[in-house]
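There are 4 protein chains.
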Amino acid sequence: MSGKIPVVVLGATGTVGQKFVSLLTDHSWFEVGALAASSASAGRPYGEVVRWRERSELSPKIGAMVIQPCAPPLPGAIVFSALDAEVAGPIEQEFARAGAYVVTNTRTHRMEADVPLLIPEANADHVTLIESQRRARGWKGAILANPNCSTAALALALAPLHRSFGVERLFVSSMQAVSGAGYPGVPSLDIVGNVIPHIGGEEEKIERESRKILGELSNGAVEPAKFAVSAHTNRVAVVDGHMLTVSVGFGRRAGPDEALEALRSFRGPPCVTELPSSPNPPIEVDGRADRPQPRLDLDRGRGMAVTVGRVRACPILDIRMVVLGHNTVRGAAGQAVQIAELLVAEGRVRRG
Amino acid sequence: MSGKIPVVVLGATGTVGQKFVSLLTDHSWFEVGALAASSASAGRPYGEVVRWRERSELSPKIGAMVIQPCAPPLPGAIVFSALDAEVAGPIEQEFARAGAYVVTNTRTHRMEADVPLLIPEANADHVTLIESQRRARGWKGAILANPNCSTAALALALAPLHRSFGVERLFVSSMQAVSGAGYPGVPSLDIVGNVIPHIGGEEEKIERESRKILGELSNGAVEPAKFAVSAHTNRVAVVDGHMLTVSVGFGRRAGPDEALEALRSFRGPPCVTELPSSPNPPIEVDGRADRPQPRLDLDRGRGMAVTVGRVRACPILDIRMVVLGHNTVRGAAGQAVQIAELLVAEGRVRRG
Amino acid sequence: MSGKIPVVVLGATGTVGQKFVSLLTDHSWFEVGALAASSASAGRPYGEVVRWRERSELSPKIGAMVIQPCAPPLPGAIVFSALDAEVAGPIEQEFARAGAYVVTNTRTHRMEADVPLLIPEANADHVTLIESQRRARGWKGAILANPNCSTAALALALAPLHRSFGVERLFVSSMQAVSGAGYPGVPSLDIVGNVIPHIGGEEEKIERESRKILGELSNGAVEPAKFAVSAHTNRVAVVDGHMLTVSVGFGRRAGPDEALEALRSFRGPPCVTELPSSPNPPIEVDGRADRPQPRLDLDRGRGMAVTVGRVRACPILDIRMVVLGHNTVRGAAGQAVQIAELLVAEGRVRRG
Amino acid sequence: MSGKIPVVVLGATGTVGQKFVSLLTDHSWFEVGALAASSASAGRPYGEVVRWRERSELSPKIGAMVIQPCAPPLPGAIVFSALDAEVAGPIEQEFARAGAYVVTNTRTHRMEADVPLLIPEANADHVTLIESQRRARGWKGAILANPNCSTAALALALAPLHRSFGVERLFVSSMQAVSGAGYPGVPSLDIVGNVIPHIGGEEEKIERESRKILGELSNGAVEPAKFAVSAHTNRVAVVDGHMLTVSVGFGRRAGPDEALEALRSFRGPPCVTELPSSPNPPIEVDGRADRPQPRLDLDRGRGMAVTVGRVRACPILDIRMVVLGHNTVRGAAGQAVQIAELLVAEGRVRRG
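Residue numbers (our numbering), protein chains in the order written: chain A, 1149 to 1500; chain B, 1149 to 1500; chain C, 1149 to 1500; chain D, 1149 to 1500.
Just chain A, same shape as in the assembly (with noise of 0.2 Å):
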């Protein structure tokens, strides 16, 4: 026996789930207890139906798995999902309803007001949410979930701004990576020296959900914060990593160097800064003219850090900055994972 936690995977065959699958192989605390996927993949080993695409090798034993249809009861108290929205409501619903903790990808059960939508150095505190979850739906598990991934990376780089001197404006502007739109997703003759200016309900996820995630636990449900966002996105043709441009107004004037110093001394709370996932610091600043950039930044914190850059004034409001977050981890399955880490550091989920 491995004194591992089983844990749940579904859709698991996909760019997200792959992910999933690789994060948790060699993880210190979780197992993979079984995969899941449509019902044209279950029933067949994991290692001949998933079209690999991680730079890391799929593991034998992993791939030896058979795929398991996405239906309770499966092996494991923590089931990530990386299911497509159109078919993740149900599903989710009834492992949560059979007890197990959901933590979602998906964006189908984010903004409903007893989901509690997660960075964990911003907001863990909003995870008690899932107490009246369960009561008002009468389940014994509960669902999480993980915000939109360019939302992920920008509202990390706001937590300690807003904490500090409160986001009131926000003007941001994306170059998003094209994992980000899963496999295949964006055909190569759209991208290959191109720029897509529009990335569907993407602007809508970002301007509604950074509020939630910054919002304010007050009698057992989130007051979102207030502040306005006008967001444009665009995809570019690079692999991983989300480039967001900020320019944001604060309620108390600060300048640059405050700015710096609330990122640099920023960390989350203690319960999460000690999780195997959890960067330190969560968000490095990088003072180099040129800087982030994907291809270098990517992998700072392995994938969960979020690099700020470029932190200066700004003409109209109180600062401008360059955020870069790694759209698959932060964005997407690290940042689950982690938020599963806090469910077992809270007691909620119990060691094997």
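Please keep in mind that the hints were generated in silico from the structure rather than gathered at the bench.
Heads up, the beta-carbon is just placed ideally off N, CA and C, and yes, glycines get one too.
Part of the chain B face toward chain A, derived, beta carbon under 7 Å:
hint: 1; residue: Met1323
hint: 2; residue: Ile1344
hint: 3; residue: Gln1441
Starting from the structure of chain A, add chains B, C and D where the hints point.
Then chains B, C and D, alone, in the frame of chain A:
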């Protein structure tokens, strides 16, 4: 005799210089009178020296022209300058002193009070600045400046909005092509699969130059427009075409419908619309959700039209939009040729 | 009445179909008589259905045409087929039976003994195969096939060498553009910053088709050329343009100088050189050390010329060289239009 | 005291120099004793001078090291040279004369008869060439050379085939990454969305060096292998990783199955397999139809393994295959470190 007006290209071997040569080949009013470059190249045939990078073939006749040194007299009343900023100042002044109209693509003289910074459709009347320039400097010729390449696209798209509603605040984030940095310019190791969130001096140029271009002529001087600009500039793996995401606030409230109407109906003054290089219309509005795109929309108006898309409400200011311009045509050589055409149309330069 | 010959495009909404529409707009001999596509699109205006990806604008007149189902009769004695291979066979046969000249870009009929596989400059005489085709099949019309896109460039470049020296052995390694796979085609995650060393079925097509194209007509049938081909095919992050590195061994020894002379002096037969789509010359030889390149040399002869460079001795066979062809023009729609022009020039199709 | 062996890096600020520094950080046997670069950099802290392009962070300790001039004595019995070929010759000789083992990545000495050109798994026995080198030149140290980056991958993949079947003829066409040209290296205007079919001197290096590497040691000299090579080299828009398509003919007929068996079972000599940098196995065979790919397979064996795929029959010679190697690891710094490890394992360099 061709009856065409001979013109000179300074810095003819570089990226912008080649674009000048390409556009002047078979131009209906102009013909290349002389090609000039650094002393290292002078005296040798153009076709032997130039590392020709245009998709159109170099004409044998032009390839056989012997490169001249960058000093007057050279055969041409109009001199196009694609010189490096490091050397441009004294050379351009020398030609202006000797009687030439120098249309320069270099930043050196752009912000001088008596040098017009021109986008013909937007501010053809600024040409009259050269009267005071000639008086003050005692020149027979004059210097007229082309804006920075990203500013050219931005300010043209803003012109109808500023005229109709009064631009007050502006957030702009660019995704700029590598050709904007010339040759050899951006190392491929820096940009393949990557984004560089910094272009030296570019943000300041956008902020300063757009205010001068959209300023009012008053008592023989330009009163800069008073709007505030917060700019972020980025380099992406695109060969040609600068994309800009823009959020704009107006003095007089206006929504997407009014903005669209202003953009669609915009035309330059009659003296400009008739010029050979003037696109009709100068601004093309594209209503498709994922346009403009560099690869598909760059050649509109033979590279002289700016394409605007995704005009929509802004949660903070009035509208958001995406602007695309061809950085070496509208943003450099093409517009410089258009400015020279304006000088001819106004009778300042006589046709053969 | 325009006096132009109406033609039909089958599969008009796809990548090659769009290229047909683009090339037929303002064609001097042809006009679009009907656009046909799958039943899902039939009955709707072309402009509403097509996701137009050409750089030239879709003409409003063509955009307004209602898409027809892919079945005769449709108004046009010439039918261009850009259908998927899965469905092309019976549809193309039905049109040929009904009397149309079907010029197909699909692989389905290419290797059938009585179907000419044409590169007009190389084997215009193979057109006469359709006589036996019509007799054998009892058709009023006929099917004529365009080669695979990489084969088209290769076989055209080989034609003068084979004619002069007799090709015996051939090593070819390709670097092919993503447009060759259609739309959506190659996922961007597979190709951004990457190379894929495999294109399904492509190596076999190059090996088989090039021998048929360069074969001799004898007793109303094609005797394939006897050379052996070892092909490697690769996909690279280029939008348009297939590059081929080639080592060739001849039956009669010849070096680079003789090969260059053969390539430079090559012309198609007079009936071909006069066609509107025929480039002059069909093969452009570039002597610069680093040419051809897709980005710079693709548009030669409006995409119909093949560019050959780096002709040099081979340490094993006779010569080595690099070949570039435009895969959607010479390798697909452009050459299909040229084949149709040949039918008109030969009097097989009557002008209005 | 660390007990580690101090080593020197010449040309430490360039692309390959940085890779050396990255690989030597936390190396189990070596530690950086000195970093040397041109006189323009000497005297300044490495971290201030270098434009660090590695994805791993520069260690503060190494960043603080003061750059030395490229002249002995410097603290280290092993000297890695990443110098430009223009200056490398005299400097490397001076260090060898002064007693250092110079492992050079530069082409200067590669083809000299008494300089071993090494791929440890393939020809570790060639190290003994340095005995005659020292005698002939009167040096206390020696120069050992690393092959050209594309040759390194090719010759390693050929080693088991040559050993088993005797390579006689070889066609190779490369698709090489931009990092192979160093920094700034290839201008982005030349390679974004493009292919360059020429790399200066590369084809000759492949042809010459592969014969020396796979040659036999006989009477204290290397008798080059006798096979003929026809090479085509191309640059593609890939950051790291050289791909090679190869057709090979053997002296003793062998098909894909025998070739696969030879490739799979290949191991270096025991003195090599135990080295810290040696991958196990050195050649990874991938049976998937579309592999290897630079983006997915480059890191195998931490960049030291070569991946071979698509081993299949050749219509002309014996087999065809695709070879991928990491050009700055196996093709440069990584293998140079492995060579130095071999010197230690053989007792030529003493451990602390």
